[in-house]
Structures are given as structure tokens and as C-alpha cells.
Amino acid sequence: CKKSLLTPESQTAVATLDYAQFSTVGRIQGQVLGLYAGLRAGDFYGSRYLIYNELRADNFLAQSSNSVTAYQTYNYTLGNGAQEVTDFWASAYSTINRCNLFIDGMAVKGVSVVGADLTKNYVAEAKLVRAISYYSLLQLYARPYYDGLGSKPGLPLRLTGNSVAGNYDLARSTVAQVYTQILKDLNEAETELPLSYGTTAVTNVTRAHRNTAIAFKTRVYLTMQRYADVITEANKIVSTTAPYVASSGVSLALQSDITNVFKTPYTTNESILSMPFVTGTEAGGGQSALGSYFFGVKLYSLNPTGIIGDAGYKATDRRRSFITLSGGLPYMSKFPTLAAAGYADYVPVIRYAEVLLNLGEARARSLNALDAQSIGLLNAVRGRSDATTVFTAASFASPQALFDAFMTERNIEFLGEGLRSPDLLRLGLTIPGKGNVSAVPASSSQYIWPISGTELLYNKLMTDN
Amino acid sequence: QQKTITGKVTAEKDGLPIPGVSVTVPGVRIAAQTGADGVYSISVPSNTTSLTFRFIGYAGKTLPLKGATLNAQLEEESNSLTDVVVTGYTTLRKADNIGSISTITGKQLENKPVQSFDQALGGKAAGVQITIPNGVLNNPPVIRIRGTNSISLSSYPLIIVDGVATYTGDVSGTSAPGNALSSINPNDIERLEVLKDAAASAIYGSRGANGVIVITTKKGKPGKAVVSYDSWVGSTKARGLPELLDAYQYTDLKNEGLRNAGTFDNTNANPANRRYFALSNDAAGNVINTNWYDYIYRTGYSHNNSVSISGGTESTNYYMSGSYTKQQGIVVNNDYTRKAGLFKVDHREGKIFTIGGKISYSNEENLSATSTGSLAGEAFGTGGLGRLAIVTAPNVSPYNNDGSYSVFNATTIGRGANVGSDVGFYNPAAVLNLDRSNNEINHIQSNIYLQANITPWLNAKSVYGIDYIFSDNDSFANPINGGSAASGGSAAESLNKNKRWVLTNTIQADKTFGEKHNFSLLLGNEQQRSTSLGFGASRTTLSDPAFNVFAAGYATPAVNVANMGENYLVSFFSGLTYNYDKKYYVNANVRQDEYSAFGADNKKGVFYGVALGWEIAREKFWSKIGLDKTFTSFKIRGSYGTVGNTSGLGNLASYSFYSTGLYNGASTLVPNQTGNDQIGWEESKKLDLGFNFGILNDRITVEAAYYKNTLDGLIYNVPQVPSAGLPSTPQLNIASMYNKGLELAINADAVRTESFSWSPSFNISYNKNEILSLSEGLTQFIQATSSLESASISKVGGPLGMIYAVQTAGVDPATGRRIFIEKSTGRKVLYQQVAPAGQFRYSYEDGTEARNGISLNNDGIPYKNTQPKFSGGFNNTFRYKQFDLDLTFTYQLGFYIYYGTNSGLRDQRFWNNSTDMLNRWTTPGQETDIPKIVNGDNVSNGSSFPIDINVFKGDFLKLRSATFGYTIPKSAVAKLKLASARLYVSGSNLLILTKYPGSDPEVSSNGNSVGGNASPGVERNSVGNGRAFTAGLSVKF
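Protein sequence lines correspond, in order, to chains A and B. Following our numbering, the numbering of the first sequence begins with 1 at its first residue and continues without gaps. Following our numbering, the numbering of the second sequence begins with 466 at its first residue and continues without gaps.
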């Protein structure tokens, strides 16, 4: 009898005994990348976050009624048990738990392996991924911040790692409490992330650096309508005059041609953070890839009365090259890679154009005026795709008209990138109707998703929306 | 003072003398042997009252002395088959057995049109329920011994072949299943024992909870070589297929559906907006009217040839067999081939040592064109053949008029003259002709043993056995139409190696003290080590369509797959049996198992079984009151013990793991398994009470038992709060359940005369299953079929795997709309697929909107049980002179089946329908059970969620097999220099009495799969069992 055979060791996976997953530099680095891999999951930011936030809004029309491909999100018939409601929730929290386990394990074991400095960098990456995860959950499962200034029910806020079966009942924190944690994570990430990963462009796009944390903060503050904070953060990475660039860290700037951002190698200095996909080895999922929804399988066509019908969105606008006609219907071809190539388009999380528009809108709203820098920022984004349109203060009858111009510009610029629904929600705007789907006002229960049915079933302290 | 006894020993069968028989005086070390003429002479003390005769291959016999001459006739052991039972590590006289053990003889399993013996076990033993889940060749039957004894692990019994625990289940990785047990040629099986209670199974410890089946293969007998040749040919054909609409009916009904939906349009100025169904003509100008059954099903022809040579001398015997079988299934291109050989030898060296062993090798090919839709997980596969046969429109042909495959695009068949809608999924002819989902198994089972009979009462034995399975998977999907056509075709190859060795050492002592105290003690140690390694690759986008093998050219590089596993079991066990004067019996077994898959803190388990028995017929009062005239024996027995179940427990289930992946080409390490370092065996506490008796010199024997298996620590994947973010659902030993029931088996030699005999046997089992608890706070769980349809629900307080369905209340005569029952209010809800302005899809009878609609989540109820309350068999063997007739019936009663296929047969998308739909509602006031047909409606008839009208009683009585044989008279065969010859014809699945409307009430979409325990009785798009006829010949030289 051979005693050792009774305690077999896996030859293919790392068992967690004695924190073996933190025992070497390579394993720790692998875990860091694993955090991003969690964010990249097809059910999460690797496509479906963008898809759900687009389909909730008004720019797409369903060509299929398959509930597996988000039809219930599209027509607001979701129940607690709907696949997207339960799967997105699970996928986001799985990523959060990865971050928590990593942060805990680095303190116990990892720091002795890679040293204090790298530990700081790595933990900062985990905090940033955690912040994006909580932010993403809030956009779908909680009332917008403006509604009661964050006093509405938010999310179960989990900050320590879970690894074994147990009682995990936990009540929801308020929306404000969750945002506070998101900002805390992002602030800490800002101070502890590396300025850049050197000259390797792909790493600067696929991993978080200091400017990533700052950029994401502009999004978070804008969502919370804390415009002064948007300006403070954005000013760290946006020069006061054109051409707008980041003067420290990764040298962020707009591409002169937007189409460069959405094609190989996807690593321009406009992409602040993107989720990579690789043909063959890291392919996008058939029923989750952006390319399959909007272009490949043609599940959703563009709504002719949505933003593509906007009179100011000129026919010569470079961004109209992302619209392709097929069978008489317009489809969005921003993510054109097909199944055969593994839907290997990078999925954008945040890019520099957004930071510029965040800053411009925040300046306009906080000053409630036709701010020149605001208009300059708006022109920077519009101008590179449509040189024939140049906004001046005379273009706007009122500050509100400028605010609206920013909304329109975002709608054009970020079509398909998952910002549309959060943009409507942060301001409490009615989600316009489309096709045979009615508009959804802010007061409607359908304005946000219901809570995951499995969470409600097993978390005794959880409450539904 | 001595006396000399002489005599002659002959064989009972042929009266020939037997040389080398050992003749001994019981209890004394005096022995003699018979000579070549069978004659012996022995000098014994004058007070000697009896002599014992023993010879290998023959049943030992002790005869009383009545003078100076004592002749003996010995019976061959094959004839004494029923006098002993094999209990695994040892053998018992049947009269001394007090465990619950059923014996099935090899004769009952041989020459059947099956791929493996287990498919022929149905109805043969009380408490053993066999379900053949579909008509695909070589899929493992679902075997349940005394009910389903696990929720999340396997409920499949432990199978021991010649002392070695063998692999079980489907070991193929393709759509052509490969039952690990099919490597055994059924004709090589001598006998098979089913160990059911703790008294019998506790010796198998942590693996005995699902019962144990012990298989003993044939061995040679001393004497002249016997050559046996068995051959049969047969055919098999699908039966009970649903009757479908033909092309004319299909076209009319589908157009009616479009009109009712308001979407029929054959005149639109824009042809792209037209929508209608239409007939078309073939090249000869005839209307295309395709019966897809003709393409998918066939008459399969099979044959089986098996030859064996056995014989031996007094010290050495041998058995050798070779067999070849080639069988065709009822589905086109579903074939099974087995080439198998078995060689066994036993040799006695001197008085003490016996050495022997066996080598068994089989090569099996399991072939299938593509998924039949019948294996677990395949039910909703787009290309499942069972489904394609009933879904595809009859008004299109698989071929264009130029002979090429008719395709609309990569994944759908051509639309013919139909406009605006698909009319099928894959082109059945293309995938049947061009695709491949094949498997080849090379299976080696071998052992070698050394036995030492140290003294007449003490022997030691060591057995080393191996069981190696090499399973090769080879599949191809064509680039024209089907699952991989969009990516230009694909091919995959993978090899899985499963290797096991078992080393067993036992010592057994059998001793009688003071003539009446009979002891037997067994001590043993066993180690079992299993390892597995798999690797493979798949390639896509075929370079040249002329080729279809993996090694051809492909554009996309190979994607590799790999896996490995190992486990190790170390055991010590002991069995003690004692009886006083064959009247009072005590028997105890204990086993300690240490198993590598158990959690770090929980490696070791101890299991035991205790049994008591009382042979009343040996009591004096029994004969005093005259009962001995009726009862030959009457034994009351009872046992209790605990055994375990580990079957299906992951090798490394106790660990929490991080696994590797990729992020932009660099390695990642992420959590992927939530382990449980406390994980252990599932525990079954088995209580068994019973009695056996024989009447009229055992002409009639009756066995009856009551049992209760209480199952604790059942592994359940305990759902965790999703926001905790654990990587997987941890397995905890937390649930509990019981099975209790009654068994009765009656065997009779009702008539036995020179020219006529009739032996009926009957068995029936009643079983009740109830879940006692799941995990804290959890009262029910739902199990999906093929991860799509949640038709099964298990509730605490109810049996495992009830049907989960929404209740309906017929069809509204006024509007032809399906009426559902809203669970929360009990109100009737009428459904319409297309709601006109001002109306609703779901409305109450008063026309107001039923706002929540109808859903399985809100309105489903645990509707009916799926586990049979009663099951069993009824067998009759008649012999009249040279003719024999054998009829085997099996039955299962008191259960329901969810006939999910029926919802597809009435689905109002493009799918073809059953002819039931001709009775659809068409006019107000019409009373019918078929709603108005509206194109696109997949709700009214149950496709969208399960509904009660598709649930049917499953009760059935099957004439599983009938065999009529003729044995050629000895005088005639002697002229041909044959020892015996028999011709027979046989049929299986000849008759099914059932109210179940599907093709076969035995069918099951979930089979032996993980989750199958909790989702029996679901039929979704499966291929049912066929009906087979065979004719055969058995000859002995």
C-alpha cells in the first residue's frame, strides 16, 4: 500500500493549500491577468455589459426573438430568473471575488514573494477591476445616483475573498455606499498603479495604469453628477488646449481617424483600457460576442429613427463607415470580426474620447454656460470625424442646447460601446421607445433590471428592486 | 480397527468413470484417489459412517456408509450452479446464504440480440430495474438496484468481473455510445450474482450502496474438450414511430397557421416579404412527399458468431473463446462491431497450489453518423436525428433535382418551394451520409492468481488483475451542411486511456467444531489504482472537400484537448460466517476503505454488515407438526449494515483549485473549483428482513424481502449565494433520502415429465423513494434536460425527479385557445399567439389581461412521479420433447413519463406535426383537445414550457423476448459427430402493452448522466427501442 497515492496532487491545477497560488512570481502574475480575464468574461464586460446597455436603449431593433440573445432586455420583459439577469450578476461577482481573494492573499503570502512595490501595483489593479465591476453592476441593478442622491438600495458590498461553502447572507448597501467604495478603490489605484508599462502598447491597453484609474473616475463622477470632481480628475490627463493629450503617464490622445481605434492592432493611445480577444486561442463566445449581435449573426439592426437618423449626424461623418447595409437593413459594423476569426475584436472599456466628452459636459453643466473649453472638447471629437461641422458658442441657443449636443455626440461616438443606457439613467431621462417597444420613464420599474432570482433565493437578506 | 471400503465414482451425466477423485473421511486425514477406471479402495476406522468425494469441476458429495461398497455419482458443477452463490471474495452453499442475493445464470443471458449482457438483465431478478434508455446501439442501460440511491453521484451498481472491479458507463467520447461492459461476450458468462443487502454488499464497503453485480466467466472442466459454436443472425426495426403529416397536410396546415397569424402573404409586390408554404416537384415531375423516417431509420441486420473450447485434466483446465458480432442499429449508420477473445486456465500443482488466470481482449467499434439526439445532453441538439426525423418538412427533398444536397445555408436544409421560412434544421441526408461520430474501444481485462490450500480448511489466495480501456474518438462534420459547415467542416480525434490494477490478498478458513459449529473466516486486503489520460485535437475548415479524415488539410490549426486523473483505494476486510447445525446463522462483514478522493480529514471509512438467519425447517417441532412434508426449507433472515457510495465522485473533489487560462496570450491563474476537504462517501444504512422457503423438494422456491435503505450524507451541490462569487458550487455530504420496498420472487418447476416441462418464474418489487432533506433551507431543486428544459423537480418529502409542469384545462371551444391554470389564483388563463388590438396574449375568461402570463417558474407544479412503484418480470420456459419455448415479460407500473417529444410534434413553428393536428380547433363551438393552429405558437402545446397534457402514464408490460427452439435428437446429432445441436428463432420487444403514446415507455433522455438520477421519465426527441428478430444455432462437439 502506497500512502502517497492516497493524497494525489493535481498535475493540471494549483491547489490552494498553503496559498500555493501565491507561491511564485509567475503564479501571482497569472492571477493579476486572471482578474482582467474575469472582467473580460462574455457574460460581463467582455461583451454583454455593452450589449445590454445598448439594447435597453433606442439605437437597435431586434431581428430575432431569442431570449438567449437578450431579447427580454430589449423589450423589458425580464424577470428575476432571466438568464442575463442571473448570469451577469454571477459573472460580475465572480470577478469581484477574484479581486478580493487576490487582495487578501497578497497581504498574507504574495507580498513575501514579489515584494512591497509590485504588491502595491498588483493590488491596485485588483482594486481597479473591482471598482469597474461594482460600477457595472450599479448601472443595471440599482437606481441611478441622482435618485435620492444614492440613498436607494445598491448592492451587497463584498470586500473580502470567499473560498469555501458558507453562509453568505448579506444585505444591500446603499447606492452611495457602493459609489464611495468604488471611488476609494479608484483613488487608491491611482496612487499605486504604475505610470505605464513602458513602450509595450498592448500592455498599456490591456492592463490598468495610473491614467486608467483617473479616466474611469471621470466616468464615475459624471454618473454621480459630481461635475466639479469630473473636472478635477480630467484635468490631470487632459491638456487645457487642443490637441488634447495626457502630459503624464501613458500619453493618451485622440486618433486622427476613429476607425484606427477599432482595427488591428487595437492598441492606439486612444484606447485607455480594452479587453483583448485572440483568434483561435481566446475567441469571443458565439452568443455573447459584439460581432455576432450587431454584425455577424445580425441579431439586432440599427434603428433608423435612433441616432443614425439624427439630422446633425452627417452622411460624410467618418463614423458612418461603421454602418453597413445588409438585406436592406442598417447594421453596426464597428466590431466586424466574424465567427471564423473568433470574434476577435477588442472590446473597449474606456477610451480617451470619453474623457474629453466627460470633461466638456462637466464643465458646461457645472458652469451652466457656453464654456469655450467645453465647445473645444466637443469639436475635438466631432471634428476628427466630421471636419465640416465646427461648433461655436453661436451654435447653441442655451446651455441646455450644449448639454444636448454632448448627449448627441456621445450617442454617435460611443454607439455600440454600452454608454447609452447609463447616459440616459444618470440624468433620469426617459428611455425612448423603439419599434413596438414603448418608452420607459424614470419612474418605471423597468428603468432598471430586477435583482438576480438566484441571489434572492439564497441570500436571505437580499431584497428585490 | 479398520475396515476397507471400495466403490466406483462415475459422472452423473454420462455414467463414465471419473479418475482422480479424492475420497476422504470427514474430519480425519485419510484420503484415497480413484484410478483410471473410477474405482477406489480406502481403509478407514470401523466407526466411520460416511465418505466424502471431491473432484475439480464437480460438486463435492458426502454419502453415508452402508456396507463395504459405496459407489458415487458426481454432478458437474455447472449443474450445481443453483446450489451455491458467489458472494464476491468467496462462495457459499446456497443453503447457507442468509444475504439478499439473486443469481442469474449465463444461460439466461446468452445468444440475445444485445451488445452487452446488462441489456438482457431486465426482469430477471427482483429489485433490479433495468431501463434501456434508447434504441442507439451499445448505450449503457440504466440499472437501479432497490431504487435510486444517490442524487448527485452515480446510482449505478459496482460491477465485479472475475474478482476485479471493472469500469462502467459510457466510455465513448462521441455520439456513438460505448458501454464499458460490452467487452464481455455474454456467452462467456457462467453466472451473475446481484448483491442487494448489507449482509451481502458490506464486504465492498464504500462502493456497495448501489448494490454489487458479481460476474463469473466460464472456465474449463476436466474431461474431453468440448467445442461450442453459437451463431445467430437477426434484424431489427424501429417501432412505434409517431405518425406525421405528409407533404399535402403539412402544406395546408402550415398555411392555415400563417393565415390565423395574419402573416400569410403570397402576393406581396416585394417577393422578400412573401410568406407561405407550397408543394414542389421532383425531377420526374412528381410532388415531393418525403417520409424522413425512410432516410433516418432502417432495418438493421446483425449477426453474432461465437466459439469456445473448454476442457481439462484433473490438474489443469482451460477455456478459450472467440467471438465476432456485427450489429446494425435502427438508425442509419449506427453500427456496432465486437471482436473478443477470452482465454482462461487453472492449474493445480501438487496438493497445495493452484495457479491460473485469464486474458480477455475486445476490440469494439461504435459507429454513428452524428448525434441521434438520444444520449444524455443531446435532446435539444439541432442535428439530433431523432428530432430531425420529426421536425423536417415533408414537402422538401434532401436532394436538389440535380442530385446535389439541398441546402438553404450552412445550417439549414433547402426550402424547396416554401417561401419566407426555414423548413428544417440540418439536411438529414447530408449529415447521415457525410458526417462521422465514431468510437473504437480496445479493452483488456486480465488477471492472474495463486491459491494455496495450506490445509483442507485453510487457503490463501492472491489475485492481481488489470482493466485497461483505450477509447479512440474519431469525428468529422462536413463542410456542406450541419454543425461545422459554417466553418468549412471540422474533424476531431481524441484518445482516452483508462488503466486500473487491482491486487487482492485473502485468507479463508473453514472449520467445523464439534460437528455442529461451522465457522468460516475471511481476511483480506485490496488495493485498487486507476489512472486516466486523454488527449486530442480538432481542426476546422477543410482544405479539400474530397477528404474527410483528421489527417487531411485544414485551414485552422488544431485546438488541443487534454485531461488526466488518478485515484487509489486501499482496503482491509473481513467476513465471518457461523452456523450452528445449519439451523442458526450469524454472518458479519466489515471493511475499512481509504480512498484518495476523500477529503484530507476524511480519508478513512469503516463499513459493516451483520446478518442473522434461522432455518426453521431443521427444527424438530417443524417435522412434529408435519410441515416438513410440504416445506423442504424455511429460512427467516435479517440484516443490517452500512455501506457507501463513491461512484462519480471526482478524483480531486476535495481540493480548491486555481486553473490556468490565457489573457492576450499570457498565462492566467484563476479560481475554478470550490473544494470541500471534508468530502466523503455517501452512506447507505441498509435494513433487510426476509424469508425463503422451498416446497415439494424445492420444486417451488419463494424469496420475499422487505428492505429499507436510508441514505445519509448524500452529496449535493449546495447552491451558494451568487454574490459570494465562488468559482463553483461546492459538494457537501448533506442530503438524505430513503428507499424502501418489498420484493417477491417465485420460481417453480411446475411440470416436469419425461416429455414436457414448464418452469415459470415471477418476480415483483415495490419501491418507495422519498427525499428527507437537501441542504439547510432548501426544499426543492429543479433538474433540466439537456440544460434547456426544466421538466424535473425534486422536493423534500417527495420522490426524486417528479415531472415539473404547468396545468392546463383543455381548449376553449369558443376561441380554440389553450387554457392554462394560473397557480397563484387557480384562474383559467387563455393564450393566443397573436393578440388582435385590444386583446392580450394571456387573458382571463372575462377578457382582462393576465398580466403575469404563464410561466413554469410561477405556475409549474410537481405534477407526477416518474419512478415506477412496481417493477419486475415474468418468465416461462416450456419444453416438449425436442421443442422449447421461452417467454420473458418485464413490466413497470405506477409511474408517469413526460412525453416532451409530443410538444415538438405539435409545435406551430415550421416543424412538421403529428397527425393529431388534423383534429385542431377550426370552428367556434368545436370540442377538441388540439388548439387552433397559429404560426409561431410554441406555447399552446408545450414547447415553451412543459405542460400536463404531455404527461402520460408509463405503465407497461413488455414481451421482452420470446424464443422457440428445437434440439436435434441425440441419435441424429451423433451421426454428425456432434454432442448436441439446437436451432432457435427469437424475437425481442415483440409486444408492448401500454397507454403511453410515445414509441417506448422505457425511453429516457437523461439515462445514466449526472443529473439523470433527478430527471428520469423524460422523453425528448429520442430514438426508441427497436424490435428485433433473430434465428440461431448452437452446436456442441
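In short, the hints are calculated from the structure, not lab data. Treat the hints with care, as some may be off.
Simulated crosslink set (DSSO-like; lysine-lysine; CA at most 27 Å straight-line) [what the hints assert, rightly or not]:
| # | chain 1 | residue 1 | chain 2 | residue 2 |
| --- | --- | --- | --- | --- |
| 1 | A | Lys-460 | B | Lys-1288 |
| 2 | A | Lys-2 | B | Lys-1288 |
| 3 | A | Lys-2 | B | Lys-962 |
| 4 | A | Lys-3 | B | Lys-1069 |
In silico contact screen, one side only, chain A against chain B (beta carbon under 10 Å); selected entries [to be verified]:
| # | residue |
| --- | --- |
| 5 | Ala-165 |
| 6 | Gly-327 |
| 7 | Ala-369 |
| 8 | Gln-373 |
All C-beta atoms in this analysis are idealised placements derived from N, C-alpha and C, irrespective of residue type, glycine included.
Verify the proposed pairing of A/Lys-3 with B/Lys-1069, using a straight-line Cα cut of 27 Å.
12 Å, holds
Restraint check, 10 Å cut-off on beta carbons, for A/Gly-327 near chain B
Check passed: Cβ of A/Gly-327 comes within 8 Å of chain B, closer than 10 Å.
Need the status of pair A/Lys-2, B/Lys-962: alpha-carbon distance at most 27 Å?
The given pair, whose Cα atoms are some 22 Å apart, holds under the 27 Å limit.
Would the stated hint for A/Ala-369 survive a check requiring a Cβ distance to chain B of less than 10 Å?
Interface hint status for A/Ala-369: violated (43 Å vs cutoff 10 Å).
Under the criterion of a CB-CB separation shorter than 10 Å, is A/Gln-373 in contact with chain B as hinted?
36 Å, violated
For a C-alpha distance cap of 27 Å, please report whether A/Lys-460 and B/Lys-1288 respect it.
24 Å, holds
Should the hint that A/Ala-165 touches chain B count as held when the rule is a Cβ pair under 10 Å?
4 Å, holds
Keeping to a limit of 27 Å between CA atoms, is the pair of A/Lys-2 and B/Lys-1288 held or broken?
59 Å, violated
When held up to the earlier numbered hints, the structure conflicts with 2, 7, 8 and fits the remainder.
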